[in-house]
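Colleague: In case you want the letters, here they are:
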Amino acid sequence: MKQLPFDRRPKEGQPPAQGAILEVKDLAVEFRLRDRTVHAVNGVSWSLGQSETLAVLGESGSGKSVMAHAIMGTLSSARAKVTAGEVWFAGRDLLKMPERERRRVRGRKIGIIFQDSLSALNPVFTVSNQIGEMFRFHAGMPRRAAQQAAVGLMERVGIPGARRRANAYPHEFSGGMRQRIMIAMALALEPDVLIADEPTTALDVTVQAQIMELLRSLQQEMGMGLVLITHDLGVVADMADRIIVMYAGRAVEESPVRDLYRAPAHPYTVGLLQSVPRLDRAEDDLRPIGGAPPDMTTVAPGCPFRPRCWLAAEVCDHERPPLLGVGEGRASACHFSHAVLEGTAGARG
Amino acid sequence: MIPAWSGQQATPAPGTGGAGTPSAGRASSFLGDAWSELVHNPLFLVSAGIVTLVLAIVAFPGLFAGLFGHGNPHDCNLADSALGPRAGHPFGFDVQGCDLYANVVYGARDTVSIGLLVTASSLLVAIVLGSAMGYLGGLVDTLLGRTADVFFGFPFVLGALIILIDLPERNVLTVSLVLVIFGWPTMTRLMRSTVLSERNKDYVLAARALGASNFRILRKHILPNALAPVVIYATLTTGGIMVAEATLTFLGVGLQAPAISWGLELAAAQNDLQQYPHLLVFPGLFLSITVLSFVTLGDTLRDALDPRLR
Amino acid sequence: MGAYVIRRLLQTVIVFFGVTFIIYAAVFLIPGNPVAALGGGQPLAAPVVHDLELKYHLDEPFIDQYGRYLLGLLHGNFGTSVDTGQSVSSLMAQAWPVTVTLALTAWGIEMALGIVTGVFAALRRGGPVDRLMMFFSILAVSVPIFVAGFTAQVLLGVKLHLVPVAGTQAGWPESYLVPGFVLALFSLATVSRLTRASLLETLTKEYVNAAVAKGLPRWWVIGKHALRNSIIPVVTYLGIDLGFLLSGAVVVEGVFNLPGVGLLIFNAIQNKDGAVVVGVATLFVLVFLLGNLAVDLLYAILDPRVRYK
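Residue numbers (my numbering), protein chains in the order written: chain H, 3 to 351; chain A, 111 to 420; chain F, 71 to 379.
Okay, chain H solo, but in the shape it has when bound (with noise of 0.2 Å):
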């Protein structure tokens, strides 16, 4: 496991961390609405290390899909601007490069797979021919060889009579089968970073198991870093190394996973591991985070997390509390980290 610095506050300009593949700096996009703009992104910074899986958790609107695509440079909204940060990828900041240069790293060099399966595939075209156009593209390779290494792709993410189905259409899968398709297009060039964007979001719970049991091996196979997107904590607890949980378009909290479930530094990291049900224990209510989620039209001084917060204090009103080390490997953005430290180690005790 990585040994991160004490002081996790990004340093422009620098080249990465020791040993890190892709690493984010300082990362703000916004969307510039008619009357207003969304702030979605206000400052993330991570860094990933070969064959690494970091997971990135948080709500929905929390910024971390926006944050996916304005990394691998798919922003599909004409307003949408990435306004700050760098993006550093072998030894070069992606946010800075000519397109023509960004578009040989996509797909060949980070890979994405998207939450909806089904509108992520192209319906008129079969499953071999979208695979294949990897191969055809990128490699160069003719229409047969593409198609037989497409059917090749297809039997390894488990794929059943794949041959068969090579010619069938999208609709024609089931959602598992064509989360494993979307895998395969991305894996096909072995990528050094896939980036999953809510794989099992859309899929039944046996599936999702299914689903994320092929990444690990798939990962473990090639060597190649994982970044988990994800609001789903148990999805989390098995696959991810390092968790940053993500709120108001910011990480709040950088942790080892177990380290996180056990204590966990942050006060919204704390509601949301409240918030999950547990079944070991009685339990007579349900426990949600009070409040509403941020409104991202407007970047207030201050903790964002501040309305919602039962540490809330003065400071926290002016003060927008930084990334800052709270143990070994550990990060947390809360003027009580230490406090909340405290607090959660002293309550398993």
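Treat the hints with care, as some may be off.
Below 30 Å or equal to it, Euclidean Cα-Cα: the simulated DSS-like pairs (lysine-lysine) are [stated by the list, open to error]:
| hint | chain 1 | residue 1 | chain 2 | residue 2 |
| --- | --- | --- | --- | --- |
| 1 | H | K98 | H | K111 |
| 2 | H | K83 | F | K342 |
| 3 | F | K275 | H | K98 |
| 4 | F | K229 | H | K98 |
| 5 | H | K83 | H | K98 |
| 6 | F | K275 | A | K311 |
| 7 | A | K311 | A | K330 |
| 8 | H | K83 | F | K229 |
| 9 | F | K294 | H | K111 |
| 10 | F | K294 | F | K275 |
| 11 | H | K111 | F | K275 |
| 12 | H | K83 | H | K111 |
To be clear, the hints were calculated from the coordinates, so they are not data collected in a lab.
Since the structure of chain H is provided, determine the placement of chains A and F on it from the hints.
Modeller: Okay, now just chains A and F, sitting in the frame of chain H:
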């Protein structure tokens, strides 16, 4: 694992603006938004203005025809045949020697009436039959659907042509009837599909579970939601109906003399158009502008009311 | 796919019976002596009336008459001209090539220009070209064919002497270019708008963004993924388009005096030759029916989701 010192549950601090608080002071309704958008759209204003003018001409042709002093379209003198524009006769004379301006003004009446009549009737038929098909389904749907298929088997103008040529008398009513016969399937199909998609929605199921009668469900719940697309479509077709009528009349199977219609004027003039272009320009221009404004009006309405564009 | 084809075939057959029934009923059941209708309301001499009555078996029960009529249709008997006595089918046989040439010219123009302008407008959305094209397309939809036809004829033919004013003496393409364009006008506008709207909608779809995420270049994404999906609504329109081409041909051939099948109808109306009008129009309707069937099958080939409905 809740920290002992934290109290029971996180409580929100006062004085926050969470997401979802509407901007203060502005009632935001769908129709209200649509209306304010329309009023600021110059295209809407212009086309609505022209349409209103045309409707006024249709209602009070004598008023407009008399503006230049020779307002009687039947006051004809063969000696004046095909003369060009001059004082008192801004459009000149037609082949029969009648004041062209007066004829063009009066010509609006039948064409526009047919356009509106056919649209309104088709809409009515579409609402009734479409709701029946979409809501009741089963045999009703199949039978009506097959019937609609048969009428879909005719290209619009050709079908009307075949029926019209056999009619002993062709006036506004009979021509409208024939156009409705060939026009109802399209709107009905549209109505059917919107009713069908509303029928399967949860709020309808809820109403059913509460024991509401079919009719009540249709009237109170489904129709208000399903009507919008069909009405918008109807506004768009009015222009097309007028073009169809003019074309049929031009061909000789639409309105007959002594009716005054743009199509008739152009048909009468067709052999002389090359020599006397004013016979083409004025009726043609009026017809085109009228249709254009109806079509544009329908377009702007649709853009304003289409929820997807909001 | 097989089930889909069979269903459509069956539907075509049913519609065929329905359509011919309506046509027959219109001619023969509408109040007023059918013979008079065929004769266009002109008084006919008694022996002529008697002949017609025998010929059309007007003394037989309706169903029998309808049956005879159907059989006749299937044998290519579309009636006889009251005016000239020639069989309608022989009149049509002579005139078909002109109409086919005209229709194909129009279709080529509307497809090529329509799709290109639509794609252009979508990719340069909001720009001056887009607005201009939107304006022209609304215009094209609003101006009736005969007005456009006469205007083109007077402007381009008479005033500017750019093209022949009428007739087919000048051959292809001179004689067919302007008439073809006029015939195509309405559909050109519709195809252009359809393509534009369809491409714009397709570009918002997630699979387009996913294709970009795969590292595919813009031209590949638009040319392959987006266009293929955008074409589908245009194909659906093709069926209706055939109807506009057929009806429009009557007007265009009349205005430009092109000796095609449409002109037969055009003149027959003037001459009150009801038999020719109904006979030719019937053939048009049957062509329309078959054309729609072909389009539906094409649609199923293009959009695999349809095959399983």
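Colleague: Does each hint hold? Answer for all of them.
Modeller: Quick rundown of the hints versus the structure:
no. : hint             : verdict
1   : H/K98 to H/K111  : 17 Å, holds
2   : H/K83 to F/K342  : 69 Å, violated
3   : F/K275 to H/K98  : 27 Å, holds
4   : F/K229 to H/K98  : 60 Å, violated
5   : H/K83 to H/K98   : 13 Å, holds
6   : F/K275 to A/K311 : 24 Å, holds
7   : A/K311 to A/K330 : 14 Å, holds
8   : H/K83 to F/K229  : 55 Å, violated
9   : F/K294 to H/K111 : 23 Å, holds
10  : F/K294 to F/K275 : 14 Å, holds
11  : H/K111 to F/K275 : 24 Å, holds
12  : H/K83 to H/K111  : 23 Å, holds
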